Amino acid sequence: MSRRRMGLALAAASFAWGLAAGVAHATDISFWTWRQEDKAAYNELFADFTKANPDIHVKFESFPDENYPTIVSTALAAGKGGDVIHTHAYGWLEQFVKAGYFEPQDLTTVPSLANQPADALVAGTYRADKKVYSLPFASQTLGLFINKDVFAKAGLTPPTTWDEFITVSKALKEKGIYPLANGMGTSWFNEMFVAIFTNPFLGHDFVSDLTSGKTTFKDPRYVAALGKLLELRDYMPPGFEGIDYDTAGQLFISGKAAMLAGGSFDIASYRTQNPAINMDFVAPPMAKAGDVPQVTKFFDGGYAVNAKSANKAAALKLVNWMGTKEFGDKFSALLGNISPIKGVVIKDELLAHVAKLNETAMPHINVVYFRFEKPTGSELLQGDITKMMSGSITPDQLAADLTDGLAKWYKPFQGK
Amino acid sequence: MNIGRRHTTKAFPWRRSLWIASLLTPALVVMVLFVLWPLLSAFRLAFYEFNGLQPTGFIGFENFRKVLFEQPYSGWTWNALKHNIIVFFALMVFENGTAFLLAYALLKALPGHRIHQVIVFLPVVLSAVIVGFLWKLFLHPLFGLVNQTLALVGIGAIPWLGNESTALGSILFANIWHWLGFPTLVLLAGMQRVGKEVIEAARLDGAGDYVLMTRIIWPLIAPSVTIVTILTFIGSFNWFEIPYVMAGLTGSPGGATDVLGLYFYRTAFGSTTTGIQDFGQGSALAVMMFIIVAGVTAIALRYLRRREIEL
Numbered sequence: 001m002s003r004r005r006m007g008l009a010l011a012a013a014s015f016a017w018g019l020a021a022g023v024a025h026a027t028d029i030s031f032w033t034w035r036q037e038d039k040a041a042y043n044e045l046f047a048d049f050t051k052a053n054p055d056i057h058v059k060f061e062s063f064p065d066e067n068y069p070t071i072v073s074t075a076l077a078a079g080k081g082g083d084v085i086h087t088h089a090y091g092w093l094e095q096f097v098k099a100g101y102f103e104p105q106d107l108t109t110v111p112s113l114a115n116q117p118a119d120a121l122v123a124g125t126y127r128a129d130k131k132v133y134s135l136p137f138a139s140q141t142l143g144l145f146i147n148k149d150v151f152a153k154a155g156l157t158p159p160t161t162w163d164e165f166i167t168v169s170k171a172l173k174e175k176g177i178y179p180l181a182n183g184m185g186t187s188w189f190n191e192m193f194v195a196i197f198t199n200p201f202l203g204h205d206f207v208s209d210l211t212s213g214k215t216t217f218k219d220p221r222y223v224a225a226l227g228k229l230l231e232l233r234d235y236m237p238p239g240f241e242g243i244d245y246d247t248a249g250q251l252f253i254s255g256k257a258a259m260l261a262g263g264s265f266d267i268a269s270y271r272t273q274n275p276a277i278n279m280d281f282v283a284p285p286m287a288k289a290g291d292v293p294q295v296t297k298f299f300d301g302g303y304a305v306n307a308k309s310a311n312k313a314a315a316l317k318l319v320n321w322m323g324t325k326e327f328g329d330k331f332s333a334l335l336g337n338i339s340p341i342k343g344v345v346i347k348d349e350l351l352a353h354v355a356k357l358n359e360t361a362m363p364h365i366n367v368v369y370f371r372f373e374k375p376t377g378s379e380l381l382q383g384d385i386t387k388m389m390s391g392s393i394t395p396d397q398l399a400a401d402l403t404d405g406l407a408k409w410y411k412p413f414q415g416k
Numbered sequence: 001m002n003i004g005r006r007h008t009t010k011a012f013p014w015r016r017s018l019w020i021a022s023l024l025t026p027a028l029v030v031m032v033l034f035v036l037w038p039l040l041s042a043f044r045l046a047f048y049e050f051n052g053l054q055p056t057g058f059i060g061f062e063n064f065r066k067v068l069f070e071q072p073y074s075g076w077t078w079n080a081l082k083h084n085i086i087v088f089f090a091l092m093v094f095e096n097g098t099a100f101l102l103a104y105a106l107l108k109a110l111p112g113h114r115i116h117q118v119i120v121f122l123p124v125v126l127s128a129v130i131v132g133f134l135w136k137l138f139l140h141p142l143f144g145l146v147n148q149t150l151a152l153v154g155i156g157a158i159p160w161l162g163n164e165s166t167a168l169g170s171i172l173f174a175n176i177w178h179w180l181g182f183p184t185l186v187l188l189a190g191m192q193r194v195g196k197e198v199i200e201a202a203r204l205d206g207a208g209d210y211v212l213m214t215r216i217i218w219p220l221i222a223p224s225v226t227i228v229t230i231l232t233f234i235g236s237f238n239w240f241e242i243p244y245v246m247a248g249l250t251g252s253p254g255g256a257t258d259v260l261g262l263y264f265y266r267t268a269f270g271s272t273t274t275g276i277q278d279f280g281q282g283s284a285l286a287v288m289m290f291i292i293v294a295g296v297t298a299i300a301l302r303y304l305r306r307r308e309i310e311l
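Here the protein sequences line up with chains A and B, keeping their order. So in this note's numbering, spot 316 of the first sequence is number 316, and the numbers just go up one at a time. So in this note's numbering, spot 294 of the second sequence is number 294, and the numbers just go up one at a time.
These aren't lab readings, by the way, just hints derived from the structure by calculation. All of these numbers come straight from a predicted model, not from anything done at the bench. We put the CB at the ideal spot given by N, CA and C, even for glycine. Treat the hints with care, as some may be off.
Unchecked claim - Cβ-to-Cβ under 7 Å is the rule here; a few derived chain A residues that face chain B:
#	residue
1	THR70
2	GLY239
3	GLY405
What the hints assert, rightly or not - In the PhoX-like style, the derived pairs of lysine-lysine whose C-alpha atoms are separated by at most 25 Å in a straight line are:
#	chain 1	residue 1	chain 2	residue 2
4	A	LYS98	B	LYS108
5	A	LYS416	B	LYS66
6	A	LYS80	A	LYS325
7	A	LYS416	A	LYS59
Please build the complete structure, drawing on both the sequences and the hints.
Right, here's the structure in full:
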């Protein structure tokens, strides 16, 4: 080999070694989520993060929603799993924290926690030690979708009170339009359906009485609010007992139904499915004129750091970045979700309106307060609500089942 | 060659044992890892309390007491068990009863019997998930084929899967549609083994179809009936895929389609929308399911086999 060739080979080897050394210095971390549909948006966000932190690369890994708890708990039990884990909130998170799977976050390790409002932090806090384990990522709002074109065509105005809702629904039905698209065929949504229509009749005082132990779900206010749901049956599609939430969404976006009790998490999806849709998202009917409009709000989950992660520092750095305004602005714009981060600017008009409604929102009572032990309020309510709507049990029975079931672990309900 | 091989085996018996052991080892390893170990783990975990996702202490039979005697768990357990029992008897009567009649019709080799044999067996090759989705669509209250057809004769939208009184029956129907071909083929094979001379002799004695079916063929296909009964029992108590796809993890509406398989799964592994996981109670349910299936299968096999010998 000539000297010139040897020199070239040496130079090439040095260059390759330099590249390899560069790769070795970079940290690869993974982000686990159930949001398969958000892959493109998250990859764009992570590209921004890597631009600011060139030594950290984030890999997006998603798993089916229905099996996500099983997959995550199995992986974490074996000391594996993503470095950053997308978590649900409240009771879902708590079982993982109890097992020691997540790293606590504080202002030293995640300074952007300071950007979170207090009610959002509750969603990611373990009740026993008051420490945050998951940085909240989005609030979800439950309310009423309005198909404005259908209302305009029918010459009607969207209702704001219960009485108006009944009057308008009767008129829509006479015109051959399904007033309310919902059915009872999807258990997880049935619980949201209950929250949407009962919360305006319950109010913050009821929540306060319930959580301070002054009352239970047997309270006449709750039973009466459940009774209101029975009135809705006349305005739901025929065979509503078997109509699932996906079908309800299709009835709404296709204009066959005028209203849909739903979640702000579907705004982006409905727009994608029918770009021409002219819709609004409003508070469900108030008990009476002059009441404060009350949507239902809860925090969907957050970002937690795997306690067994080999790249904890990089993972915490990512989570901290996900709590910044820069992330929140782009997150809301790309995914149509409302970031809880203070100061986030929501440019979309409808989403900004939903964020405004959130200011007077009621909490999703079961999710926020009664999903911490077994039996959860959710499994009790989801089991009974279809029976109540089909008439095989009364609102009183549902309220009693819910209270008595929760009394197994919720001390304020015991003996009441 | 044979003599040579026999000679080698006799001379080195340990080689033959080693050879057999090497053939059995992979299967044994798989069985131990994926069947025996999970089974023993479930037995162990059934006696532990869980706080979050980790066992916190030995609690004896407490998990069993809760799922059997403490409300609301006991109500859910008995409700699910009741549905498993209903499913078993319904499948025995409607699925296996129809299969017997179909098998007899196919045995008679009527014109077109070969194509019918294929048609009857065709759904069996489909995945349970596909069948579940297919029938969920057919039974959709607004757009489903069934209600659209009924609408032609003026019958309004029936929420087949949303009504407590029709949901389990609808799912059973889908299951029967899916599996009908299997017992039909097993029973047909049994019927084909009945000697022609026996059938001819019965015919000569003046036996008609009914007598032939009930007095000659039915008793003589006892081994096939044993297999079909045992498999139906095991299938009924392990029922999961079709109810999961058609009615969801909660056995909706209101637990009307809940079975032990669904109840076990959501207890042990939780669900994003109902909350938390409890491996302790879940394992207790799994152990109970194992005891029911293994115990009843053993007893039934003994009884049914004896019946075969008596013939």
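Okay, the hints, checked on the actual structure:
Taken as an interface hint, THR70(A) checks out: its beta carbon lies about 4 Å from the nearest beta carbon of chain B, inside 7 Å. Here the hint on GLY239(A) is kept, as its CB sits about 3 Å from the closest CB of chain B, short of 7 Å. For GLY405(A), the interface hint holds, the least distance from its beta-carbon to any beta-carbon of chain B being 5 Å, beneath 7 Å. Of the pairs offered as hints, the one joining LYS98(A) and LYS108(B) is violated, with about 66 Å between alpha carbons and a cut-off of 25 Å exceeded.
Between LYS416(A) and LYS66(B) the alpha-carbon distance is near 21 Å, which keeps this suggested pair within the 25 Å criterion. For the given pair, LYS80(A) sits about 31 Å from LYS325(A) by alpha-carbon distance, which is inconsistent with the 25 Å threshold. A distance of roughly 51 Å separates the Cα atoms of LYS416(A) and LYS59(A); the hinted pair therefore is violated under the 25 Å criterion.
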